[in-house]
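J.: Protein sequence lines correspond, in order, to chains S and R. So the first sequence is residues 94 to 289, counted in the working numbering. So the second sequence is residues 195 to 579, counted in the working numbering.
Certain hints may be false.
Using 27 Å as the maximum straight-line C-alpha spacing, the simulated DSSO-like pairs for lysine-lysine come out as follows [said to hold, decoys possible]:
#1 S:K197 / S:K252
#2 R:K269 / S:K197
#3 R:K379 / S:K149
#4 S:K129 / R:K369
#5 R:K470 / R:K269
#6 R:K379 / R:K533
#7 S:K218 / S:K129
#8 R:K437 / R:K269
#9 S:K129 / R:K533
#10 S:K149 / R:K533
Simulated restraints on C-beta separations [to be verified]:
#11 R:T382 / S:K129: 53 to 61 Å
#12 S:E148 / R:R363: 38 to 46 Å
#13 R:L574 / S:K218: 56 to 64 Å
#14 R:A386 / S:V256: 37 to 45 Å
#15 R:D403 / S:L187: 37 to 45 Å
#16 R:T514 / S:N230: 24 to 32 Å
Rather than coming from a laboratory, the hints here were simulated on the basis of the structure. Think of the CB as a built atom: it goes at the ideal place given N, C-alpha and C, for glycine as much as any other residue.
The lines below spell out each chain.
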Amino acid sequence: MRSDLEMIDEWVQPNIRVLDLACGPGELLHHLIQNKQVNGYGLEIGHEDLNTCIEKGIPVLEQNIDEGLQNFGDQSFDLVLMTHALQQFRRPDLLIDEMLRIGKECIITFPNFGHWRSRLHLALKGRMPVSDFLPYNWYDTPNIHFFTFQDFERLCREKNIKVLRWAAVDGQLKDHWWIRSMPNLFSETAIFHISR
Amino acid sequence: MPDVIPADSVGIVTPQIAQFDTPLALSCGQSLSSYQLIYETYGTLNQDASNAVLICHALSGDHHAAGYHAMSDSKPGWWDSAIGPGKAIDTNKFFVISLNNLGGCCGSTGPTSINPETGQRWEASFPIVTVEDWVESQARLADLLGIQTFAAIVGGSLGGMQVLEWSIRFPTRLKSAVIVASAPKLSTQNIAFNEVARQSIRRDPDFFDGNYIENNSVPTNGLGLARMLGHITYLSDDAMGAKFGRQRRHDSYQYNYGIEFEVESYLRYQGEAFTKRFDANTYMLMTKALDYFDPASQTNGDLSAVLSRAQCEFLLVSFTTDWRFAPERSEEIVNALVKAGKPVSYAKIEATEGHDAFLFPIPRYMAVLNTFLTRVANSLTTEVK
Numbered sequence: 094m095r096s097d098l099e100m101i102d103e104w105v106q107p108n109i110r111v112l113d114l115a116c117g118p119g120e121l122l123h124h125l126i127q128n129k130q131v132n133g134y135g136l137e138i139g140h141e142d143l144n145t146c147i148e149k150g151i152p153v154l155e156q157n158i159d160e161g162l163q164n165f166g167d168q169s170f171d172l173v174l175m176t177h178a179l180q181q182f183r184r185p186d187l188l189i190d191e192m193l194r195i196g197k198e199c200i201i202t203f204p205n206f207g208h209w210r211s212r213l214h215l216a217l218k219g220r221m222p223v224s225d226f227l228p229y230n231w232y233d234t235p236n237i238h239f240f241t242f243q244d245f246e247r248l249c250r251e252k253n254i255k256v257l258r259w260a261a262v263d264g265q266l267k268d269h270w271w272i273r274s275m276p277n278l279f280s281e282t283a284i285f286h287i288s289r
Numbered sequence: 195m196p197d198v199i200p201a202d203s204v205g206i207v208t209p210q211i212a213q214f215d216t217p218l219a220l221s222c223g224q225s226l227s228s229y230q231l232i233y234e235t236y237g238t239l240n241q242d243a244s245n246a247v248l249i250c251h252a253l254s255g256d257h258h259a260a261g262y263h264a265m266s267d268s269k270p271g272w273w274d275s276a277i278g279p280g281k282a283i284d285t286n287k288f289f290v291i292s293l294n295n296l297g298g299c300c301g302s303t304g305p306t307s308i309n310p311e312t313g314q315r316w317e318a319s320f321p322i323v324t325v326e327d328w329v330e331s332q333a334r335l336a337d338l339l340g341i342q343t344f345a346a347i348v349g350g351s352l353g354g355m356q357v358l359e360w361s362i363r364f365p366t367r368l369k370s371a372v373i374v375a376s377a378p379k380l381s382t383q384n385i386a387f388n389e390v391a392r393q394s395i396r397r398d399p400d401f402f403d404g405n406y407i408e409n410n411s412v413p414t415n416g417l418g419l420a421r422m423l424g425h426i427t428y429l430s431d432d433a434m435g436a437k438f439g440r441q442r443r444h445d446s447y448q449y450n451y452g453i454e455f456e457v458e459s460y461l462r463y464q465g466e467a468f469t470k471r472f473d474a475n476t477y478m479l480m481t482k483a484l485d486y487f488d489p490a491s492q493t494n495g496d497l498s499a500v501l502s503r504a505q506c507e508f509l510l511v512s513f514t515t516d517w518r519f520a521p522e523r524s525e526e527i528v529n530a531l532v533k534a535g536k537p538v539s540y541a542k543i544e545a546t547e548g549h550d551a552f553l554f555p556i557p558r559y560m561a562v563l564n565t566f567l568t569r570v571a572n573s574l575t576t577e578v579k
């Protein structure tokens, strides 16, 4: 399992109700169902990913998150997850509101565009960076919003969202003291555990 | 006619009849003192009888779901696209049972059968049967065949409603439920369509209040009309447009009420063909069963409360162009299951065929069905003999 997912695993209590938005092939959910006995559902629109989830026995629903999540009741889940997908949705700010309406707590991970390599790439080459984490061209990327660790923190402040804890990791998804000290510059992936 | 039976067909099948002499109390208050169910099976039941799959049919379906009755058959069973060796409902793995529901006209006791108490055909006096009654009778058939728990119960449309009822009524008797292009209850519009269908039958002078056989008559006009109406609702506007457009019989308009457009010819053909194979009283009964179905009425309209009894895992499938039972209707069931904390997966399949899509071998649909059922098969305790 990816180590950012391992980190999330440590933060998740057993036997809770979990909704994983854009769950992909269900790696994290599978782990949480197996090891934390969570009652979990994934939302996904990728046909192959959906099938992979069904194959593994992970409850998965085909639902386009951009079309709304009104079918889920207020505080109907203990935890709403979204890993590496927030940047792909039309209005991340409204989506976070929805996630916090549905879930008592949320864990969100996203690629930090403030990483020094992204900054350097843009500064020196004058072109949008293409990396392992963002392996797309500007025109074909599913990532339509680019934001940084700081941007996200600021949004949480503006919305009065509590940051219960955060982590910042590098390209190898390792946690180092220098990343922790300057997450906006050194983290490639940011992980936030938030609540109202 | 198949010159050669395809390798992925269940081949030539022979229907069987099960006779029941224990009275069956029906929802309407009446009871059937004895009755029979006609059914077919495909594949082999394993030693611990854990690999059985029940197929529930839709409005005009029957027990002949797969394979051929004879080499002279022009068409295989109604769901041959999904049932067979190596197909989505794999008969190498599963023992598949398909039956004709009570009230049917294809061999199970229904309005065309003889009422043992009078020695006459039931006709209009055949009691109204409901989805609940069907599920009860299906459970008795399972008992007879030595099946305590189904690996899966599968159905589309009205068949999906039976699957839903199974999950509520006999929660320990199925491991998984596959509900395709269905709904937790009919919408007002659905009921309205059914009423128009029934009225067109009832108002046919050849209907004789349902006792048409006794009067040596068949209400072909009414039944044909009902089927034409139904047929329109099963297709999508796009599918009909793609198939017929405004294609005409003649180069110029005839300015009369004969067939001008090809779609008219098609509907008349469908309507007429239906009257040759289906009984009008059965059509009335089946549409009534659809109207009455509403399991959430037991829990003050709270679908998730009634579904909290379920113990199986669910797969729901809907089709984008289905307006008879639109995807939103399947999603009502999905949402209620999520609310109740039940394991459920849901796929919304892109399809042009409208409601009828559930009968077509649409690759993604078949793949989802196969993936789900393969896991169900792999979880069984013993191998097929």
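J.: For each hint, tell me whether it holds in the structure or not.
T.: Verification of the supplied hints:
no.	hint	in the structure
1	S:K197 / S:K252	holds, 16 Å
2	R:K269 / S:K197	violated, 55 Å
3	R:K379 / S:K149	violated, 31 Å
4	S:K129 / R:K369	holds, 23 Å
5	R:K470 / R:K269	holds, 16 Å
6	R:K379 / R:K533	holds, 18 Å
7	S:K218 / S:K129	violated, 46 Å
8	R:K437 / R:K269	holds, 21 Å
9	S:K129 / R:K533	holds, 20 Å
10	S:K149 / R:K533	holds, 22 Å
11	R:T382 / S:K129: 53 to 61 Å	violated, 44 Å
12	S:E148 / R:R363: 38 to 46 Å	violated, 29 Å
13	R:L574 / S:K218: 56 to 64 Å	holds, 58 Å
14	R:A386 / S:V256: 37 to 45 Å	violated, 54 Å
15	R:D403 / S:L187: 37 to 45 Å	violated, 60 Å
16	R:T514 / S:N230: 24 to 32 Å	holds, 30 Å
In terms of the numbered hints stated before, the structure departs from hints 2, 3, 7, 11, 12, 14 and 15, listed from lowest to highest.
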